[in-house]
Amino acid sequence: MFNTKHEISLITAVLPAASADSVISTLTSREVTDVLVSKARGTLLHDHWWKSWVPPISPSKTMLQMIVPAHDVDRVAGLVIEEGKLDMQASGAVFSTPCESAYIGSLFHNLRTTETLNTKKESHKLSENLCAIFCSISHSLSDRIAKAAINAGAHGPVVYYAEGKGLRDRLGWLRITKDSEQEVIMVLADESDVEEIFTAMAKAGEFHLPARGFMYSLPIDKGMFNLPSRIANPHYSANTQQIIHAIDHLTGHTHWRDQAVFNVGGEGKGTGLKFLNENKEATTNQVCFSAIVNRDQSQKFMDLMLESGAPGLNVSYSRFVAMGDDDYELAHANVNHEYATIRCITNQQLADKITDVIESDAENNGIKDVCVLAHAVQRIAKYVPGRKDHRSKPKFAVAS
Amino acid sequence: MYYPNPPENPRFRLGLRDTFRILWPYGKRNFMSQIEGIWFIVFYLIIFQLLVLQLPIVYAAMIAVGIFIVAFGLMFFMEGLRLGLMPLGEIIGSVLPRKSGMPLILLFAFLLGAGATFAEPAIAVLKAAGSGVKASEAPLLYSLLNDFSNQLVASVGVGVGLAVMLGILRFFYAWPLKFLAIPAVLGLLVLSFYFSQVPALRDVLGLAWDCGAVTTGPVTVPLVLALGIGVCRVVSSGSGGGGHSGFGIVTLASLFPILAVLLLAFFHYTSNDYYGASNYKGTEIVETQNNETSNSIKEMDTKLVAITDEEFSTYLQTGALPDGYELDFDGGRAELVDGKIVVTDPNLVVKKIYTRDFKLISEKTWDTEYSMVDQMWEAFVGALRAIIPLCLFLYFVLRLVLKQRLDPSNDVGVGVTFALVGMALFGLGIALGLTPLGGQLGSNIPLAFAEIVPWGFDHAEGPLFGNGHLGKIVAIGFAFFLGYGATLAEPALNALGDTVERITVGAFRKRLLMQAVAIGVGLGIGAGIVKMAYNLPLIWMLIPPYALVLLLTWRAPDSFVNFGWDSAGVTTGPITVPLVLAMGLGVGANIPGVSDGFGILALASVGPIMTVLTVGLYTQRKERKAEKENSPDPSTELESDSTELGTA
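Those sequence lines, one after another, are chains A and W. Each step along the first sequence adds one to the number in our numbering, with nothing skipped, and position 297 is 297. So the number in our numbering is just where the residue sits in the second sequence, counting from 1, plus 400.
Hints are not guaranteed to be accurate.
As the list claims (entries may be wrong) - Below, a list of computed lysine-lysine pairs in the DSBU-like style, where the Cα atoms sit at most 35 Å apart:
{"no.": "1", "chain 1": "W", "residue 1": "803", "chain 2": "A", "residue 2": "300"}
{"no.": "2", "chain 1": "W", "residue 1": "1022", "chain 2": "A", "residue 2": "368"}
{"no.": "3", "chain 1": "W", "residue 1": "499", "chain 2": "A", "residue 2": "147"}
{"no.": "4", "chain 1": "A", "residue 1": "85", "chain 2": "W", "residue 2": "578"}
{"no.": "5", "chain 1": "A", "residue 1": "203", "chain 2": "W", "residue 2": "751"}
{"no.": "6", "chain 1": "A", "residue 1": "300", "chain 2": "W", "residue 2": "910"}
{"no.": "7", "chain 1": "A", "residue 1": "300", "chain 2": "W", "residue 2": "428"}
{"no.": "8", "chain 1": "A", "residue 1": "203", "chain 2": "W", "residue 2": "534"}
{"no.": "9", "chain 1": "A", "residue 1": "85", "chain 2": "W", "residue 2": "534"}
{"no.": "10", "chain 1": "W", "residue 1": "428", "chain 2": "A", "residue 2": "178"}
{"no.": "11", "chain 1": "W", "residue 1": "803", "chain 2": "A", "residue 2": "368"}
{"no.": "12", "chain 1": "A", "residue 1": "147", "chain 2": "W", "residue 2": "803"}
{"no.": "13", "chain 1": "W", "residue 1": "751", "chain 2": "W", "residue 2": "740"}
{"no.": "14", "chain 1": "A", "residue 1": "178", "chain 2": "W", "residue 2": "578"}
{"no.": "15", "chain 1": "W", "residue 1": "1022", "chain 2": "W", "residue 2": "740"}
{"no.": "16", "chain 1": "W", "residue 1": "1022", "chain 2": "A", "residue 2": "147"}
{"no.": "17", "chain 1": "A", "residue 1": "203", "chain 2": "W", "residue 2": "428"}
{"no.": "18", "chain 1": "W", "residue 1": "803", "chain 2": "A", "residue 2": "178"}
{"no.": "19", "chain 1": "W", "residue 1": "910", "chain 2": "A", "residue 2": "85"}
{"no.": "20", "chain 1": "W", "residue 1": "499", "chain 2": "A", "residue 2": "300"}
{"no.": "21", "chain 1": "W", "residue 1": "910", "chain 2": "A", "residue 2": "178"}
{"no.": "22", "chain 1": "W", "residue 1": "803", "chain 2": "W", "residue 2": "499"}
To be clear, the hints were calculated from the coordinates, so they are not data collected in a lab.
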């Protein structure tokens, strides 16, 4: 029933809303892959202090997610870069996260090895030492965390909406008091910077307190990003990104960027060149578990996952644009299906258990458009009951 | 181990205490956010009345209770929208395109639009605005409001129905809103210009344009918005871009009724069956002219107060005249003595001039003519009529036509109940609090430039700022802030702001939209008072702003066109309308030749379009500039070369 396919990668692309349409239509009409489309926003900070009075209008972005075989990542990402002109400044990002394991229902998705796909030039080199930070919090905190991330050196974070499930659904009728909407902040960073950015965001979000949300980071195997962080101030002769790129270009490499502050033991700190990114042992055995199911059935699967012990869920909805789907069904438009991406962070055993539950349920009920992916998680920040909280221990664990 | 994984996640069993601890912050948060919306308008009105007009607040206790109830009602209503009405609309919108064909969708859209008009009738508002209309002066307008009021409602209903239909169709074909709005407004302007040239039709213009503004109420707007968003969630049109946000229906729903009313008026004009015309079938009424003359005499008298017997006896004893008197003399013989005029034997009359102590609160703290029970019943019936039929219609369409069950995890039932309770409380609070407050201030505002008897008083007071331009400018300035404050409190606009923020994933903040719209409405209402105060013809107040709006629409980015035009449709709701009408009628009554309060609401909806589109153009320009600065020199190839060198 389920195809178990290893060597699967999830490609995520963040594009300006304007160029997303052409990328989607290229991907689907040339039968490269199916696309899950959802909305997101970029983040911009104003340089002028007086502009902080005016709420910013952040650039609207479109997020595409594609499930492709690992050996196709280069070509699909190359096509996205080419079509979305991602080599231009401040245009967007594309990256792939490798899946530890993947189960893909037979009707869910056509995995296709894209032999026919030829990108025009092979010049789009993808970086390999990247990392993606995801941070799920309530609306009121997002600006603060985004600002902390930018100040720690990240690009303007990409934000999308998700629904938090878990605690709320266990409250009975009192659930009406909890607004389920959350924001997920996504930051891409070089492996060398990620620790600092992660810490800054975790501090700004005060994740050691209960009911704040949680954050985690996933490794990226290949990707590139060109996202802006500040509205260019006309008083600057060139913005920082332009300068960095100019130095990159002059030196011919990016080693100089690895110059970082590092601990030299004790209280001391030094600045210098670190040529090798320390390869961190995975400190947790936690995995990021995502199930992609049809929106109509999402409630049932969420209940299943919660029943089998998932601590809290994070659901985002997207439109499914299938490839080769050009015939208009209704008037002048396609009627798309909607899919829900249900995410949670658990330990390996629980993830396996939930996967089994979903798999058996889908098989028993003949649901074939289900997909379950698991990614290794590098870092986690969240409230742990009994730690760093000096008040009386709460009666239950709060997980978002 | 991070999670103390329990084998399953049981539902919490909460005691009374814990339940309260969850409910209290929830209630407090929602209540405070409503207070945030209404505090400005309330304080502004009170301070203006006390400090600028120097009049005490009449019915202070009743107003205080009423405003508290308004905040309470709004709290429930907004939660009801979030939990009940909007999810219901969105579910239907997302299921319809998948489960039914085009004819059914269009039929549904038409019925929804027409039904919404009958559920939230605007005719009461229009009648209030036209209460001063005299059959002899504006016969066609009078007939439309009285003889043909059912036809008026029906034509508005058909207009809204067609608008919702076209709005939904737009999503499927991805027509940009500007391609629909620009021709529609151009057509309306041309038609209006023709109307303004025909004396009999001229008076109808204000009514028609106001119809467009008042048709979309606080229940219809969120429902229709949610429906559009639901449709757009699943529909993706080949040509992309365009209408992909779910907005725009409200815009069309406020343009089409104008056309419908203009056509209805034209029909009656050609068939000659309005008041006084040859085919008129209604009963002719004899107009009474009595109150005109008696009013002015009363006003002359009310300047003065009778001197009491006690005061007279004090005068006889001590020779002290009462405070604030006026001495008149006539008669007698005048002689020139040593370069002075000496009048001997004149008639001396001592009159006491009416003066008033400055007080904060008048002795009348509660209007005894109001019966709480009647008001409550009225508010409840109004809420029931506005919400229940529409929700039942939607629910039956969902269950019987689309054969879809509501997910038990949706709290639609709770939400609709909340909306009902909220709407009823809100209506009651407005009747108790905002209408008396806005009413007294609105009718007192001509005090700035004319001599009137203030609301709830029996003595006239003179023009505070002279009867020239200064007084009128004070009134216009007052109108601006009244529009601004009332708009911030408007529930439909709050719902629109939340939706815009949600749909753009937080890119377009609610606060920005609300401020832009509120300033726009303020400008519009100020312009409306200019029109009334100087008795300018409406057509010349309509054409220049709409011409500017058309230009802005053509230039502005699509998303702003959607938001701007939609917010124009929602600005005139249950808070703004009574305040603005009271003021409009008050000002109109003191300007010779102005008989009705029409036109202000129409102007109040041009303003926000202008401001929102201006914000849109500004940010577009900024973005283009930033893009230009950010874009690299094409000669440098920007490659990320870390794969080759970074890991060396």
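* Decide if the proposed pair is consistent with the structure: residue 203(A) and residue 428(W), CA atoms, cutoff 35 Å inclusive. => Holds, at about 28 Å.
* Pairwise hint evaluation, residue 147(A) against residue 499(W), where the allowed Cα distance is 35 Å at most -> Not OK: residue 499(W) and residue 147(A) at ~44 Å, beyond 35 Å, violated.
* Distance restraint between residue 1022(W) and residue 147(A), which requires alpha-carbon spacing of 35 Å or less -> Between residue 1022(W) and residue 147(A) the Cα gap is close to 21 Å, so the pair holds against 35 Å.
* Asked: Hey, residue 85(A) versus residue 534(W), does the alpha-carbon distance stay inside 35 Å?
  -> violated, 67 Å
* Asked: Is residue 203(A) within 35 Å of residue 751(W), Cα to Cα?
  -> Outside the cut-off at roughly 77 Å; violated.
* Asked: Given the hinted pair residue 85(A) and residue 578(W), is their alpha-carbon gap at most 35 Å?
  -> holds, 29 Å
* **Holds or violated: residue 910(W) to residue 178(A), with C-alpha atoms at most 35 Å apart** => Within the cut-off at roughly 20 Å; holds.
* Pair hint residue 147(A) and residue 803(W), alpha-carbon separation not exceeding 35 Å -> Violated - the C-alpha atoms of residue 803(W) and residue 147(A) are around 47 Å apart, more than 35 Å.
* To do: With a cut-off of 35 Å on the C-alpha distance, tell me whether residue 1022(W) and residue 740(W) pass.
  => Given pair residue 1022(W), residue 740(W) is violated - Cα atoms ~77 Å apart, limit 35 Å.
* To do: Take a quick look at whether residue 803(W) and residue 368(A) sit within 35 Å of each other, Cα to Cα.
  => Within the cut-off at roughly 23 Å; holds.
* **Pair hint outcome, residue 803(W) versus residue 499(W) [Cα-Cα no greater than 35 Å]** => holds, 9 Å
* Taking 35 Å as the top limit, are the C-alpha atoms of residue 751(W) and residue 740(W) close enough? -> holds, 26 Å
Consistency with the previously given hints fails for numbers 2, 3, 5, 8, 9, 12, 14 and 15, ordered from lowest to highest.
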